[in-house]
Structures are given as C-alpha cells and as structure tokens.
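Asker: The whole structure should be built from the sequences, with the hints applied where relevant.
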Amino acid sequence: MDIRKIKKLIEMLQDSDLTEIEVHEGEESVRIARGNIQAIGVNPSPIVSTSPNPPSEKSEVPMAESGSVIKSPIVGTFYRKPAPDKPPFIEVGSHVNAGDVVCIVEAMKMMNEIKSEFTGKVSSINIEDGEPVEFDQSLIVID
Amino acid sequence: MHKLTQKGVFKGLNLENIDFYLLDTVDSTNNFAKEKPLNKDYVVVISEQQTAGRGRQGKKWYSPSAGNIYMTIKFIDSNPAPLSLVIGLLISEAMDKISGQKINAGLKWPNDLLINKKKICGILIESEVNGDAVEFIVGIGINYLLPKKESWWGEIGELADILPREKLINSILQSIIHYSENGYMDWRDEWEKRCMHMGIELEAVSNNQKNIEIGIFNGINEEGKMLLQTRNELKVISSGECSIKGIY
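Protein chains in written order, with our numbering: chain S, 1 to 143; chain C, 1 to 248.
Read the hints as simulated data drawn from the structure, not as lab findings. Just so we're clear, the structure is a prediction, and the values are computed from it rather than from any experiment. Among these hints, one or two may not hold up.
[Unchecked claim] Straight-line distance between alpha carbons at most 16 Å, and here's what the computed EDC-like set of lysine to aspartate or glutamate pairs gives:
{"no.": "1", "chain 1": "C", "residue 1": "118", "chain 2": "C", "residue 2": "150"}
{"no.": "2", "chain 1": "C", "residue 1": "235", "chain 2": "S", "residue 2": "134"}
{"no.": "3", "chain 1": "S", "residue 1": "71", "chain 2": "S", "residue 2": "117"}
{"no.": "4", "chain 1": "S", "residue 1": "115", "chain 2": "C", "residue 2": "150"}
{"no.": "5", "chain 1": "S", "residue 1": "115", "chain 2": "C", "residue 2": "135"}
{"no.": "6", "chain 1": "C", "residue 1": "11", "chain 2": "C", "residue 2": "166"}
{"no.": "7", "chain 1": "C", "residue 1": "34", "chain 2": "C", "residue 2": "16"}
{"no.": "8", "chain 1": "S", "residue 1": "115", "chain 2": "C", "residue 2": "128"}
{"no.": "9", "chain 1": "C", "residue 1": "59", "chain 2": "S", "residue 2": "85"}
{"no.": "10", "chain 1": "C", "residue 1": "34", "chain 2": "S", "residue 2": "113"}
{"no.": "11", "chain 1": "C", "residue 1": "40", "chain 2": "C", "residue 2": "27"}
{"no.": "12", "chain 1": "C", "residue 1": "210", "chain 2": "S", "residue 2": "91"}
{"no.": "13", "chain 1": "S", "residue 1": "71", "chain 2": "S", "residue 2": "11"}
{"no.": "14", "chain 1": "C", "residue 1": "36", "chain 2": "C", "residue 2": "135"}
{"no.": "15", "chain 1": "C", "residue 1": "210", "chain 2": "S", "residue 2": "131"}
{"no.": "16", "chain 1": "C", "residue 1": "60", "chain 2": "S", "residue 2": "85"}
{"no.": "17", "chain 1": "C", "residue 1": "36", "chain 2": "C", "residue 2": "128"}
{"no.": "18", "chain 1": "S", "residue 1": "71", "chain 2": "S", "residue 2": "113"}
{"no.": "19", "chain 1": "C", "residue 1": "210", "chain 2": "S", "residue 2": "129"}
[Said to hold, decoys possible] Which residues of chain C face chain S? A few of them, derived with a C-beta cut under 8 Å, are:
{"no.": "20", "residue": "85"}
{"no.": "21", "residue": "111"}
{"no.": "22", "residue": "123"}
By construction, the Cβ of each residue, glycine as well, lies at the ideal position given by its N, Cα and C atoms.
Answerer: What follows is the structure, encoded as structure tokens:
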C-alpha cells in the first residue's frame, strides 16, 4: 500500500476520536491503532501494523510477525521477572515448553502469570520490564 | 499472644471443601498455597509468621510472629467482578461486621485498606492457569503489632478488643467463600461507598514511575479500572498506584 495513503490514514486517526482504522484493498490490508489511550505510561502516538494479507481462517499467527506470538490477554504492566531480584523467566534464545510461565502481566494489583502455548526458542521479547501493555499486544515471539 | 486455633479460625466452615494448613512458620503463605494442588474447592494457609513474606514485585512484607494475620486462600473464581477490588471490599466489610461498624477502613484504589490514613492491610493476588481453569492465590496480611515499621505502615493492635484476630480471619474466610459461591451483585456501588478518595484530586503513577496523570477520581468501571477525569479527558486506568496528598 502506498506510504502516502498510510500517512493520510494516520492523520485521519489523529484528527478524530477513533482509536483504530482498518482498510482492506485487494490483497493488502492495513490496521492503524492508537497507542494505549486507557492505561497510563504509553505514548499516545499511533501504532501502525501492516500485513500483506488479512490472516486466513486457518492461520493462528498474525502474518506481520513470523513465529508464534504470545500476546497480552489484558491491559496492564508487563514484568519479565517474578521479583526484581530474581532472574527473568526467559531470555532471547531460551528454550520454552508449552505451559512454561514466560512473564507476568499485572492489572489492578493482580499478578497474572502468562504461560506459553508454544514450544520453541524465544526469538524476541518485544517490551521492556515494567512497561505498560495493551490488550492483545505482542509480548514475546517463539520460533 | 493468643495462638490461633483450628476451632476458632474455621468456625462454621465446611472443612470437607477446604484443604487447610495452620502453621507456626512458613516462607510465604502464597508460596505454600501455590505448591498445593486444588484437590478440594479451597486451599487455606494461615501462619503465625512468614520468613519471606512478600508483596507485589518482590516487595518484602515484614511478617514477625507478633499476633498478626498472614493468610492465603486459593480457589477458582468464576465471578465476573474484579477479584482484586472485591477482596479489599470484603475485608473492609468483615471488619465492620465484627466490630459493629466501629471501624472505618477506607479503600484506596485498587485494594489498599487504610485506617487513619495508614495502610493496615496488604493484599497480594496471583493467578495461575492450570489446564482450562484459572486459579487465584489471594494473600492477605493484616498488621496488629509491628515491632519496627516504616512511616506509612499502620497497625490495629489498639483495636484488638473489638477486632479479635481469630474472629477476623474467620469472617474474612466466610465472606470470600460466600462470594466465590454466590457472587456480589452490588460490589461496585459498595466499593465506591467505602472508597476514601471519591471526587478527590490525585496522581495516578505508572508502575515504572515514568508516567503521572493528575485528575479527579471519578470512581471505577465494571472492570474495576480507575476513572480519572483529567483536564482534557476521562481516562480509564488499569495499572499503577494512586498517590494522594497527605495519605500514604
């Protein structure tokens, strides 16, 4: 999709009260969403994600990222460690089994353990320890 | 110090549904409860002392053997209300019930309990996914006596006559179990009634301290999130602390 069109969409989003715009054009689609307007601590500038195709019904993984993505089930704060003086649950390159705890997302002082649904190697951790997260935000990618 | 008894703590409760542990000492009642499988409806752990009592994110919860409350209840909660806020509310109500409304323990979002502007109760809730079920581990610490303490810690030793420890533990267990089985329709109204900062200006501080929003506290939504009226908009805040002038 033409970058100018995307830029225009971003401007439209910024000038409106909308939080999200999604446009499909032939084989392509683009979704532009405002950063967390609810939780504190997030830069409210728009987040842009594009994908070459809308995800097919069979696909469980967003096309924008390769690997299996662990997403945040809630809005809250992301923690990589069980406690500040403890080692992180995982590092990039760690081997993870399905069912292993990989992080904690806190909301309203409830510490929610997040387990991996996938077995594999951690290829990226997309957020810093202690940072706010959005619902459905990509946290960790397992290859 | 009068030691806790099984008879007093579990009075009126159906022990066939509860896997219970009344201990002299333990590292942390939450850690202990986490290791116990949920073979019955509830796991309850109560200890006179914790050697490694903890709050959120590794904060220590000072836990001497001095007649304080250190307890954990683990169960599956299928109610739609936010457990974190409901637990604070239930404890505040239990205190009123036992003392005959003599105690006015105010709630500070999301679940701190304050008396005379000081924190007298700490709640640490952890969740674990086990197969299809989400198990909640609810840790509660209430200070009666602290041989040493930080300025913002309160204690309720002077209320021990109207708020006996054993009775309070029993009442908290009764009300959490009742909640788990029956839900709580009016939790939101009741929480707001007991909240000590409705309509007051406060600072909402993110957990990494990087972001501060100032606004008027406008209550909570049905998920228990804070509604903060800032100069420009009504913000919905789900994580972080609130800081109020003159209050811990």
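Asker: Each hint should be assessed against the structure and marked as holding or not.
Answerer: Against the structure, the hints:
1. 118/C to 150/C: holds, 10 Å
2. 235/C to 134/S: Holds, because 14 Å separates the two Cα atoms, which is no more than 16 Å.
3. 71/S to 117/S: Holds, at about 10 Å.
4. 115/S to 150/C: Outside the cut-off at roughly 36 Å; violated.
5. 115/S to 135/C: holds, 13 Å
6. 11/C to 166/C: holds, 10 Å
7. 34/C to 16/C: Distance ~20 Å between residue 34/C and residue 16/C Cα, so the pair is violated.
8. 115/S to 128/C: This hinted pair holds, its Cα atoms lying about 9 Å apart.
9. 59/C to 85/S: holds, 10 Å
10. 34/C to 113/S: holds, 12 Å
11. 40/C to 27/C: Roughly 23 Å between the alpha carbons, so the hint for residue 40/C and residue 27/C is violated.
12. 210/C to 91/S: Roughly 24 Å separates the two Cα atoms, so the pair is violated.
13. 71/S to 11/S: violated, 27 Å
14. 36/C to 135/C: Since the Cα atoms of residue 36/C and residue 135/C sit roughly 11 Å apart, the hinted pair holds (cutoff 16 Å).
15. 210/C to 131/S: holds, 9 Å
16. 60/C to 85/S: holds, 11 Å
17. 36/C to 128/C: Roughly 12 Å between the alpha carbons, so the hint for residue 36/C and residue 128/C holds.
18. 71/S to 113/S: holds, 12 Å
19. 210/C to 129/S: holds, 13 Å
20. 85: holds, 6 Å
21. 111: Check passed: Cβ of residue 111/C comes within 6 Å of chain S, closer than 8 Å.
22. 123: Where the cut-off is 8 Å and the nearest Cβ of chain S is about 7 Å from residue 123/C, the hint holds.
Hint compliance for this structure: hints 4, 7, 11, 12, 13 are broken, all remaining hints hold.
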